[in-house]
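Colleague: What follows is each chain in one-letter form.
Number of protein chains: 4
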Amino acid sequence: MLILSLKLMKKLFFLYSMLLFVVSSVFPHGPHDRKISFPDVPGYYTLKCDFHIHTVFSDGNVWPSIRVEEALRDNLDAISITDHLEELKHGADIPMPDRNRSHVVATAAAKGTDLIVVQGSEITRSMPPGHANAIFLTDTNKVLVDDPIEAYRAANKQGAFIFWNHPMWISQARDGIAWLTVTHKQLIKEGLMQGIEVVNETTYSDEALQIALDNNLAIIGTSDIHGLIDWQYDVPNGGHRPLTLVLAKERSAESIHEALLDRRTVALINDTLVGRSEHVTPIVEASLVPVSAVYRKKSTVVSVVLRNVSTVSYTLENIGDYNFQTHSDVITLKAMADTELQVKTLERKSNFNLKFRALNVVTSPGEHPEVIIKITVI
Amino acid sequence: MLILSLKLMKKLFFLYSMLLFVVSSVFPHGPHDRKISFPDVPGYYTLKCDFHIHTVFSDGNVWPSIRVEEALRDNLDAISITDHLEELKHGADIPMPDRNRSHVVATAAAKGTDLIVVQGSEITRSMPPGHANAIFLTDTNKVLVDDPIEAYRAANKQGAFIFWNHPMWISQARDGIAWLTVTHKQLIKEGLMQGIEVVNETTYSDEALQIALDNNLAIIGTSDIHGLIDWQYDVPNGGHRPLTLVLAKERSAESIHEALLDRRTVALINDTLVGRSEHVTPIVEASLVPVSAVYRKKSTVVSVVLRNVSTVSYTLENIGDYNFQTHSDVITLKAMADTELQVKTLERKSNFNLKFRALNVVTSPGEHPEVIIKITVI
Amino acid sequence: MLILSLKLMKKLFFLYSMLLFVVSSVFPHGPHDRKISFPDVPGYYTLKCDFHIHTVFSDGNVWPSIRVEEALRDNLDAISITDHLEELKHGADIPMPDRNRSHVVATAAAKGTDLIVVQGSEITRSMPPGHANAIFLTDTNKVLVDDPIEAYRAANKQGAFIFWNHPMWISQARDGIAWLTVTHKQLIKEGLMQGIEVVNETTYSDEALQIALDNNLAIIGTSDIHGLIDWQYDVPNGGHRPLTLVLAKERSAESIHEALLDRRTVALINDTLVGRSEHVTPIVEASLVPVSAVYRKKSTVVSVVLRNVSTVSYTLENIGDYNFQTHSDVITLKAMADTELQVKTLERKSNFNLKFRALNVVTSPGEHPEVIIKITVI
Amino acid sequence: MLILSLKLMKKLFFLYSMLLFVVSSVFPHGPHDRKISFPDVPGYYTLKCDFHIHTVFSDGNVWPSIRVEEALRDNLDAISITDHLEELKHGADIPMPDRNRSHVVATAAAKGTDLIVVQGSEITRSMPPGHANAIFLTDTNKVLVDDPIEAYRAANKQGAFIFWNHPMWISQARDGIAWLTVTHKQLIKEGLMQGIEVVNETTYSDEALQIALDNNLAIIGTSDIHGLIDWQYDVPNGGHRPLTLVLAKERSAESIHEALLDRRTVALINDTLVGRSEHVTPIVEASLVPVSAVYRKKSTVVSVVLRNVSTVSYTLENIGDYNFQTHSDVITLKAMADTELQVKTLERKSNFNLKFRALNVVTSPGEHPEVIIKITVI
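Chains as they are written, first to last, in this note's numbering: chain A, 532 to 909; chain B, 532 to 909; chain C, 532 to 909; chain D, 532 to 909.
To be clear, the hints were calculated from the coordinates, so they are not data collected in a lab. A couple of the hints might just be wrong.
Partial list, derived from the structure: chain B residues whose beta carbon lies under 10 angstroms from chain A [as the list claims (entries may be wrong)]:
1. Lys673
2. Ala704
3. Glu738
4. Asn747
5. Thr846
6. His858
Which chain D residues stay away from chain C? Per the calculated CB distances, all over 12 angstroms, these [claimed, not checked]:
7. His757
8. Pro821
9. Arg827
10. Ser881
11. Phe883
Since we're looking at a predicted model, the values are computed, not measured. Positions of the beta carbon are idealized from the N, C-alpha and C atoms, including for glycine.
Using the sequences provided together with the hints, build the complete structure.
Modeller: This is the structure we're talking about:
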């Protein structure tokens with residue numbers, strides 16, 4: 532409970548006034564706040580990470596410093612610059628004899644900020660095995676070897692975490708269906724492929740998700756950005772990049788690495804979250820905060836205000852004991868907003884549970900987790 | 532197919548330029564277009580109607596002319612001013628010896644516009660039978676009789692269509708549960724109760740819907756507005772009033788009446804549509820217009836652009852033969868916008884069907900209709 | 532200077548976070564804040580008043596309670612419901628035998644709020660003398676007498692403050708030019724006309740302003756609203772109603788009355804303020820708050836941030852000693868926003884004055900006041 | 532006059548409907564249109580040009596292709612990539628032995644678009660002469676010589692147009708005051724300095740303007756962009772980059788060059804236009820299009836609708852024969868919007884002139900041009 536002295540109250544009120552003013556003055560036309568937000572969950576920080584990013588050091592179109600600034604504006608916790616190892620589109624002008632350069636430059640740009648920059652590279656081969664990102668590298672140059680499997684081994688030797696990129700990519704899978712070749716099975720078996728992009732840029736793959744689940748791979752989502760985040764993902768109109776939410780014990784590169792090895796990840800694309808139920812359900816439940824619950828007049832209908840403190844709008848199917856006075860069984864709780872549900876509890880209760888199936892959340896193809904919101908009536 | 536001469540093309544381009552200019556100049560700050568839109572369906576006009584509206588002639592707070600203007604701004608086809616017959620909150624100042632006055636005044640205000648104004652009144656009694664609206668009256672005064680059932684009969688004698696108001700209202704149903712008393716059953720049996728509000732103001736009722744289905748009543752949604760539509764429904768931020776979509780053979784009062792008698796109605800609240808499948812499914816299918824379908828590169832993945840030409844955002848569960856490269860099985864098609872779906876058809880097809888369950892559409896409690904979108908590949 | 536303990540800092544940070552959240556959640560689509568704001572000035576409260584308002588009790592279209600709600604949403608301090616005394620457009624339905632009714636009803640609606648409701652009426656006659664508002668009446672019925680001059684006298688007998696309405700109205704002045712008839716001169720001489728609308732609805736009059744200055748009348752601006760404020764003044768897109776700023780010693784009806792008698796008023800229309808220099812200049816100077824002033828690098832160019840805490844955008848002509856590195860001599864300081872001016876002071880100074888002519892402020896036809904902003908370099 | 536057959540009318544109406552739909556669907560949240568617009572003037576195209584732009588090839592942060600895309604989104608006609616000749620901030624990674632590279636790369640990126648890309652370079656020296664841009668170069672390498680004056684001569688030998696960059700820059704002019712050294716006078720005399728930036732990035736200089744006027748130099752405005760246009764100039768909230776409007780006989784590089792040599796330029800910063808009266812006045816007059824003029828009722832007050840078809844909001848002082856019923860003498864005509872002025876013409880006229888001083892337009896320090904809008908009453 533927060534007890535404030537009168538003097539403090541006055542100061543706070545003053546600050547309150549100033550803040551309201553600042554907010555309205557900084558955004559005179561009321562723009563969208565582009566910061567991506569997800570709440571922490573019991574035991575873990577929910578870190579917002581994008582591990583697939585290109586710059587002019589391969590076939591991207593910006594200097595690494597822009598990637599750092601984009602990440603800061605998007606409120607990310609960690610990024611990895613993963614320029615193509617073998618293909619330097621701008622090589623005529625940027626020869627990059629030292630493949631560590633894009634990471635070095637990005638790290639310098641992030642200095643003085645909270646952003647974690649993890650060294651990475653995209654090992655870029657034809658199928659199989661296709662493209663893969665190795666992150667947590669220490670010397671990218673050593674990964675530049677001819678044989679693709681040897682490249683994976685070289686990365687692995689540095690302790691890298693390796694994930695398969697866009698297995699649903701139509702240039703390498705004509706039908707858009709992700710599937711495991713013998714090579715991939717071998718890589719997984721050897722521990723050389725520890726994750727898989729279920730979300731890449733504008734694509735999502737049920738089959739990639741199934742592969743992740745069947746083979747105990749980390750579920751990864753990335754922007755694979757080459758141009759500008761703002762344009763590619765229509766940020767001025769409320770869009771945001773895809774990314775990976777990592778449930779980490781601390782806010783550090785080491786903790787991210789540990790979490791990846793333990794597969795504690797959730798992929799995000801638009802309003803869709805993809806992850807194992809034990810990881811994604813706590814995020815949903817932490818995102819939906821009951822801020823009030825009051826019975827109306829003399830009735831047994833209770834007005835519950837749920838605050839969605841996350842960047843995604845949740846689409847929920849009511850599978851609880853009570854139905855609603857204000858909604859059918861399918862409801863939308865908009866991102867960063869309050870929604871009032873009037874619940875018909877039939878008798879007055881001091882506390883009860885709301886139970887939903889979260890339809891915008893995928894735990895396996897076509898499967899959506901149950902979430903429970905505990906309500907205490909005021 | 533549209534073939535245009537070069538000259539015509541130039542004229543059209545000129546008009547196009549002017550239109551773009553007009554649109555941007557009229558709305559320099561890009562406001563929300565408040566017009567409520569639904570497409571017509573095969574055989575019927577989809578008329579947007581609000582049959583529950585109050586003015587200063589009972590306990591509302593505006594003159595009927597404001598109701599007409601609100602309806603025009605909302606792009607409605609028909610309204611009924613349904614002031615309380617028995618209770619004149621402002622009676623000290625507005626005695627209303629002639630109960631037809633609010634309709635007469637509204638009709639005069641609508642003169643010269645396309646808006647259809649239907650004469651109505653709210654018969655306002657305690658439970659049972661509670662409140663009911665009688666519309667298509669010819670002389671409201673004659674309905675002002677003591678006995679409630681006699682009032683219904685008097686309305687019925689004029690050929691009125693009568694529907695039960697807010698059966699879920701907590702002031703008359705403490706638990707918010709709509710249920711039929713003996714009185715209601717009798718009214719239905721006598722043909723004195725032909726519809727029921729499944730949607731009233733900010734409320735929706737599964738139980739009222741079930742009553743409508745079980746008793747062949749028209750499914751009704753209304754604003755029950757007393758203050759200002761703009762404030763009550765947050766119109767400047769994209770909200771809209773609830774209403775009834777009536778599937779009418781013509782755009783006339785008579786056709787609306789005929790449609791109500793035939794129960795061809797759908798209730799709207801926020802993004803939720805409520806109706807019998809044979810009425811609401813065609814609206815959904817007409818709302819989702821495929822504007823292009825092109826296979827990507829050399830793949831079997833086809834990019835389909837669906838244009839949602841309606842005011843509601845559709846939440847769809849994919850139950851078709853193919854899954855998507857861009858979405859999980861639950862997708863949202865935003866109101867008045869285009870959405871690109873990339874469909875993995877496994878082989879190239881010249882036409883195929885998308886099949887969805889429309890989760891924001893309710894045909895009976897917890898039930899959602901299937902919709903089919905026919906795609907022809909270009 | 533504000534020194535905060537670490538603990539307090541944390542609390543504040545928490546509140547800060549919550550506030551940001553609240554602001555963004557309450558306004559998920561970033562709407563315009565419609566509250567009209569002007570700072571107080573030394574010695575006086577700047578009260579936002581609208582003394583010309585109609586309801587259904589004459590030819591307006593809303594019940595007085597809507598007028599109260601509009602005023603509260605607009606952040607007004609005082610209103611007067613000034614229905615036409617002689618003309619009751621809705622008289623067939625609202626006979627109003629007691630002409631005090633609209634005030635009584637509005638007062639009841641404002642109960643429990645801070646809004647001051649002043650009793651008033653529009654004495655509505657053909658020219659001369661045309662229309663006039665009498666406010667601070669005690670019994671409106673007594674003003675309802677045949678002879679127009681006698682009506683003014685009856686109002687005056689109650690201590691009313693009387694101002695001439697829309698002297699530029701083309702229905703009563705074909706050329707739109709306000710001018711004093713013999714009748715008006717007599718009324719002024721007798722003290723029966725103490726103010727004049729220089730601003731009415733969408734109109735402004737240079738000639739009315741000159742009459743006010745020449746005859747020591749209060750300068751009045753009013754909405755003269757009949758429909759809805761939101762529609763008439765395009766509030767959702769950032770518009771606001773015209774009004775009168777009254778410089779009052781206290782926030783009370785009595786103080787407003789005293790201020791009117793002392794002519795301490797400023798009229799507002801869109802971004803234009805109209806008033807005597809001694810009243811309007813302090814408002815401008817209080818509206819423009821320097822929030823920082825820092826010399827850039829090793830230069831003699833100082834970056835000054837001016838915060839405009841008012842609802843109007845100021846258009847200023849630089850008439851000071853220094854010119855700007857960022858602007859020509861004519862600058863705009865947007866409403867409720869910060870603007871950075873870089874000032875070339877030629878040598879480093881610890882304090883200096885900015886001097887402007889405020890072009891959106893009118894003190895007499897074609898005349899604009901000088902304002903001085905004192906800058907202290909940090 | 533446009534005469535359309537009924538059939539054509541129907542087609543047009545259909546297209547009209549589709550267009551309205553397209554406009555609203557493309558911009559579902561009503562964003563600002565970022566396209567910068569200025570009308571052509573009699574005899575000349577008004578070309579929107581930015582001749583001061585950096586990329587990763589010197590100290591900018593994006594690949595030239597992003598500069599092309601930004602320019603296309605901003606609706607520019609021409610750009611020049613003017614990387615620093617001597618200073619390659621990213622030289623460790625991008626050695627650029629051939630100084631033509633950034634132009635070559637930008638030209639390739641612009642292929643297939645209408646954008647004109649002019650070869651340029653920033654000759655980057657300490658004061659005097661400071662920095663200058665040479666545009667219309669043919670081989671940038673040849674300009675890379677030690678002696679600054681010789682560099683100008685080398686550029687001149689290629690037919691380059693050379694302008695002095697940011698003469699008000701505090702790093703090279705501690706007081707922010709642009710002034711001519713002996714060196715500059717010599718350069719001007721020799722024809723080696725033909726223009727001067729009066730506007731650079733966020734700065735404007737009265738003194739630079741005076742130098743341009745006194746020495747017959749072209750008046751130049753540029754973005755000098757290093758990061759992203761969208762962020763630097765707050766494009767999502769309605770900002771735009773500074774630039775130079777070039778009055779060219781044709782839409783070609785050659786015509787731009789000819790126009791620069793003839794000094795037919797206007798600099799733009801925010802809502803301020805800076806240029807010689809003979810160039811800027813026609814732009815203002817073409818920007819303000821009377822779209823209707825109708826006398827109100829039986830009065831001599833005429834309602835004139837002026838459509839501002841340009842990207843700047845005009846601030847106008849009325850210096851004509853008539854004053855307004857709707858505005859004081861200082862009015863704002865918002866960008867890309869219609870404004871209604873009611874003009875008191877005292878007697879009915881079939882045509883008349885509005886005469887304004889355009890306060891947001893600067894022809895010399897503190898001087899603003901007169902503009903005349905010819906009105907024909909309908």
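Colleague: None of the hints should be skipped; say for each whether it holds.
Modeller: A quick look at each hint next to the structure:
Contact between lysine 673 of chain B and chain A, as hinted, is not supported at the beta carbon level, the nearest pair being about 35 angstroms apart and thus beyond 10 angstroms. At a threshold of 10 angstroms, the smallest CB-CB gap from alanine 704 of chain B to chain A is about 8 angstroms, leaving the interface hint in force. The interface hint given for glutamate 738 of chain B is met, as the beta carbon of that residue sits about 8 angstroms from the closest beta carbon of chain A, less than 10 angstroms. A least Cβ separation of about 21 angstroms between asparagine 747 of chain B and chain A goes past the 10 angstroms threshold, and the interface hint is therefore violated.
About 6 angstroms separates the beta-carbon of threonine 846 of chain B from the nearest beta-carbon of chain A, less than 10 angstroms, and the hint is met. A least Cβ separation of about 6 angstroms between histidine 858 of chain B and chain A falls short of the 10 angstroms threshold, and the interface hint therefore holds. Distance check for histidine 757 of chain D against chain C: the nearest CB is about 17 angstroms away, which clears 12 angstroms, and the non-interface claim stands. Every C-beta of chain C lies more than 12 angstroms from that of proline 821 of chain D, the closest at about 19 angstroms, which supports listing it as non-interface.
Not every Cβ of chain C is farther than 12 angstroms from the Cβ of arginine 827 of chain D; the closest lies at roughly 6 angstroms, contradicting the non-interface assignment. With a least beta-carbon separation of about 17 angstroms from chain C, serine 881 of chain D lies farther than 12 angstroms from that chain, consistent with its non-interface assignment. Annotated as non-interface, phenylalanine 883 of chain D keeps its C-beta farther than 12 angstroms from every C-beta of chain C; the closest such distance is 14 angstroms.
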